[in-house]
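Number of protein chains: 2
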Amino acid sequence: MSLASLQQTVDRNDAGIDLVVKILAQRFGERFSAAQAVREQHAHTTTWLPTQAPDGVVFARSTEEVAETVRVCAEHRVPVIPFGTGSSLEGHVNAPAGGISIDMSQMNEILAVHPEDLDCTVQAGVTRTQLNAHLRDTGLFFPIDPGADASLGGMAATRASGTNAVRYGTMKDAVLALTAVMADGRIVRTGGRARKSSAGYDLTRLLVGSEGTLGVITELTLRLHGIPEAVSGGVCPFPDLETACNAVIMTIQCGLPVARIELLDTNQVRACNAYSKLDLAETPTLFVEFHGTQAGVREQSDLFGEIARDCGGGDFVWATQAEERTRLWSARHDAYWAAMGLRPGAKGVSTDVCVPISRLADCIAETNRDIETMGLVTAIVGHVGDGNFHVLVLVDTDDPAEIAAAEEFIERLNWRAIDMGGTCTGEHGVGQGKMKYLAREHGAGLDVMRAIKTALDPMNILNPGKIVAGG
Amino acid sequence: MSLASLQQTVDRNDAGIDLVVKILAQRFGERFSAAQAVREQHAHTTTWLPTQAPDGVVFARSTEEVAETVRVCAEHRVPVIPFGTGSSLEGHVNAPAGGISIDMSQMNEILAVHPEDLDCTVQAGVTRTQLNAHLRDTGLFFPIDPGADASLGGMAATRASGTNAVRYGTMKDAVLALTAVMADGRIVRTGGRARKSSAGYDLTRLLVGSEGTLGVITELTLRLHGIPEAVSGGVCPFPDLETACNAVIMTIQCGLPVARIELLDTNQVRACNAYSKLDLAETPTLFVEFHGTQAGVREQSDLFGEIARDCGGGDFVWATQAEERTRLWSARHDAYWAAMGLRPGAKGVSTDVCVPISRLADCIAETNRDIETMGLVTAIVGHVGDGNFHVLVLVDTDDPAEIAAAEEFIERLNWRAIDMGGTCTGEHGVGQGKMKYLAREHGAGLDVMRAIKTALDPMNILNPGKIVAGG
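Protein sequences appear in the order of chains A and B. Residue numbering for the first sequence follows my numbering, starting at 1 and increasing by one per position. Residue numbering for the second sequence follows my numbering, starting at 1 and increasing by one per position.
So that you can see chain A by itself, here it is in the shape it has in the complex (with noise of 0.2 Å):
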């Protein structure tokens, strides 16, 4: 593997580029930038794929100021990199080929909210907690909730997720509407305010998740849930990784509805403690909460900790007080950060696989044994009542030969989580960094992918490089 590799060569339409640059700042003024800095800060990638600017970048407004970029854009036959806040993992935002970065930031308008209806609109630069910050005094929360401050547009471009996905779905089940820019400009609404259709395609679950490739999500309609009545949270210690593994395969099998169950293994709970302060055993642990009534998340939180019991694990200490939930909420948030400071100076490259329940402790032991052998610091973090973990890989960049080890590593994560019956992501996306995986995973369902990108972006002006470029 090399980083060449994963991103594809697009030939650069230099002449159709420079008309763009000049017919956009003209029409948008001081909101349109092609100062190297505003460009390679729109590139700016938490991997280490290496960065790729746009040649521009126009901070829009509206849907409309969206569509009357891309129509010209589209005219020019030059690539468009919707952008929303840059926390994507897997190179997302490059421009490989230049072009324009649309910034979603200014876009961050809450439409409508109806709480009544358990939904709202929002302009798709809106992020996660401002989303919720509005929401405070409605008794109303929207779960979803990726390790960064994402926006809501970039969360349902790469079908994010987060700690609530096994018990409030990923942002597939949380987006029930979308207004979207297609490639020539045109400006679709797909799906609607109902809690169910079956009128047509489903075209939102169809942009959601396609990373900009299809068409630009300028506003979303997303399900809102009612803050419960009681939350019940804590952490239980596992002498190793296949119990606590056994632990939460039996939490989903008896149906028990877990709002949240996180593993870390003994790397991550360590850098925690140091990181967050606290004083927890260091051995791997599973954070848990749960959602409900008074009595109901008693009831649960017990069966949980004789679950736990039983697969061998110790005591389950949980409380229903907020703030040491808080506490030990903040810390699994600051995970990575955390982990981060195990090895000082190095850099950190997450990657994250998802695979059938009944694998997955299967999957972390080999996953480890590789870490072992091959000498790599890592952290594990998972949510695994989806059967879906990262790993952070911390890794000395001035040494060629811990890089190969650590991109062997990755890949061999990859192969064996499809091979397992799982995805090569659960909720990264693709980007330009998991492209490899796709034909192994998808078979023929690639090139019915290529098949739907070509039908709805025919110049290919769309995050081009991304997803279904690989060869």
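No wet-lab data here; the hints were simulated from the structure. Here a beta-carbon is modelled for each residue, glycine too, at the ideal position from N, C-alpha and C. Each hint should be verified, as a subset may be incorrect.
[Stated by the list, open to error] Stretches of chain A that chain B covers, calculated by requiring three or more beta carbons in the stretch to come under 8 Å of a beta carbon on chain B: (1) 78-89; (2) 109-119; (3) 187-196; (4) 320-334; (5) 378-392.
Guided by the hints, dock chain B onto chain A, whose structure is given.
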């Protein structure tokens, strides 16, 4: 509105059809039929749309046989119409341009059950009751329950749901992976057994609800659920429909995890009393069910009782014993047949719409005004937790004025639902009968659907004249 306008004219390719009939007769022997009775049975629809029979029926036994049939048809540009159990409601299995019906009833093998992953893989012809009978000893069940004992492939194709959808979702949520035969005979596997994935376009959810127009579904991997430890259920009478709707809205808004919440209007209750020997008060009534632990379902039932009372409803009489609940839910499942008894000899035409729940009371009230003004005989029954309801119109087909009134009523109901931010079908699908509403519901999205159809089925041989065929 005229019936003819619902059925698009599609040119027949007589020469191709003659040839394909000969090839398939030779290839499949007794598992091919061109007998008039068999052909007509395979275009039987539960609507009042005229029957348009295919030219022959293949009784396939494997994905490979379906692929072979599609390849033969593709070679000679002959339509292919997948057939499950024929319980669809909008002319889905009609053959307006003739062609070959692929009967899936012999593809009825349950291929694998993975209790540890709460999933199973089945051939498309397995019916929902067959699957649940098979699962009985596993402690698991498959919750999606449309009125008919439909095939799971057909249920996926129409994005079916039923009484449990408010808690367990619809077929879009239940299907994890699909095997489908595309228009050129290629076999594609979409999705996988991981609980979530961000690895490319969501082909699974594109095929779910595509009604055989994008591919022929031959196998499905389905999510299963643990049979709840306890179930409580009962009925609650209300003085009027509005009060009943308000109780539903309040229940959903409170986040009460209701498993089923079904509205029956006075006519429907009267019909059920007569048909199923019940003695319910003949007034709008909610059938409600909770799934959980013993303590949980008790707590939830009590809470629902309070909500109903607060909204002006009568007593919520509930029980946890299976017998009483079974009697009630059998009556609910027989509601269609019961309602047919309201007017013996009449033709029953069922239509369904779905609106945001805040508009449910309004939508039903306006619909009732139409029913009164037009002097129609109807019964209303709804999966109201989702904002979804059905109207069965009982029509004297010898009375042209009454037919015209019923058609106008249905048309007004569909426009009303769309204009309220809802959809022209919550679960029945489009088929031929609802194509006329799609332009208003989807706008430019319909063009996107057509572009996808053209890309994946350029010769328009997969179930032509449905969904996207409207002018």
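Here's how the hints hold up against the structure:
no.	hint	in the structure
1	78-89	violated (count 0)
2	109-119	holds (count 6)
3	187-196	holds (count 9)
4	320-334	violated (count 0)
5	378-392	holds (count 3)
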